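Asks: Sequence:
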Amino acid sequence: MKKFEYFEATADIGFKAYGEDLNEAFENAGLAIFNIISNTDDITPSNMISFEITSEDDVSLLYDYLEELLFYHEVEFMLFSEFHVEIDDNLNLKATIKGEAIDWDKHERKTEIKAITFHKMDVKKTDSVELRAIVDL
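The sequence shown lines up with residues 159 to 295 when you count with our numbering.
Just so you know, these hints were derived from the structure itself, not from any lab.
Some clues are possibly wrong.
Said to hold, decoys possible - List of simulated lysine-lysine pairs, DSS-like, C-alpha gap at most 27 Å:
(1) K272 to K161
(2) K161 to K268
(3) K256 to K268
(4) K282 to K161
(5) K161 to K256
(6) K161 to K252
(7) K283 to K161
(8) K160 to K283
(9) K282 to K272
To be verified - Pairwise CB distance ranges (calculated):
(10) F276 to D200: 14 to 20 Å
(11) D261 to M159: 29 to 35 Å
(12) F229 to H277: 26 to 32 Å
(13) E166 to N250: 30 to 36 Å
(14) V217 to D263: 37 to 43 Å
These numbers come from a predicted model, not from an experiment.
Ideal Cβ positions, reconstructed from N, Cα and C, are used throughout, including at glycine.
Throw the hints in and build the complete structure from the sequences for me.
Replies: What follows is the structure, encoded as structure tokens:
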């Protein structure tokens, strides 16, 4: 199963992230976000940040999670390449993300993400999970 893929959106970029369960799909959404910004293969997971969030539904939880990733990227000046997510039945998300300080001499500079959008955001649960999101560039 592929982890994520991108699709065209006017002045934005969209992605679909996949997983066997909600946790894995959210982890792959983190990879998708940071592969827009840089090449995650070049990011050493040497520093760790943990956070918790709770939301009222799956789509809001996805939005809040992606916003939190972008927040830590901007505030801590870090790029992330490893994501561990645990979501319980009450939509409480615990995440541990690993990465390193941005070094544009080492890291490929791709595209800056300005914001996460709710536009066409979706969470589909069947035998597996498919997440869909669009980010503003």
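Asks: Regarding the pair K161 and K252, is the alpha-carbon distance no greater than 27 Å?
Replies: Holds. K161 to K252 sits at ~20 Å (cutoff 27 Å).
Asks: Need the status of pair K272, K161: alpha-carbon distance at most 27 Å?
Replies: Holds, at roughly 23 Å.
Asks: Is K161 within 27 Å of K256, Cα to Cα?
Replies: Within the cut-off at roughly 18 Å; holds.
Asks: Measure nothing beyond the straight line between the CA atoms of K282 and K272; if it is 27 Å or shorter, mark the hint as holding.
Replies: Status holds; Cα separation ~25 Å.
Asks: Does the structure keep K161 and K268 at a Cα separation of 27 Å or less?
Replies: holds, 20 Å
Asks: V217 and D263, beta-carbon distance inside 37 to 43 Å?
Replies: 38 Å Cβ-Cβ, so the 37 to 43 Å window holds.
Asks: Between the alpha carbons of K160 and K283, is the straight-line distance 27 Å or under?
Replies: Distance ~16 Å between K160 and K283 Cα, so the pair holds.
Asks: May I ask you to test the hint 26 to 32 Å on the CB atoms belonging to F229 and H277?
Replies: violated, 20 Å
Asks: Within a Cα-Cα threshold of 27 Å, do K282 and K161 meet the stated pairing?
Replies: With a Cα-Cα distance of about 15 Å, the restraint between K282 and K161 holds, given a limit of 27 Å.
Asks: Confirm or reject the claim that D261 and M159 have a C-beta distance inside 29 to 35 Å.
Replies: holds, 32 Å
Asks: Below or equal to 27 Å on CA atoms is what counts here, so check K256 against K268.
Replies: Roughly 19 Å separates the two Cα atoms, so the pair holds.
Asks: A range of 14 to 20 Å was offered for this pair. Does it hold for the Cβ distance of F276 and D200?
Replies: Between F276 and D200, where Cβ atoms are some 31 Å apart, the hint is violated.
Hint check: violations occur at hints 10 and 12; the rest are consistent with the structure.
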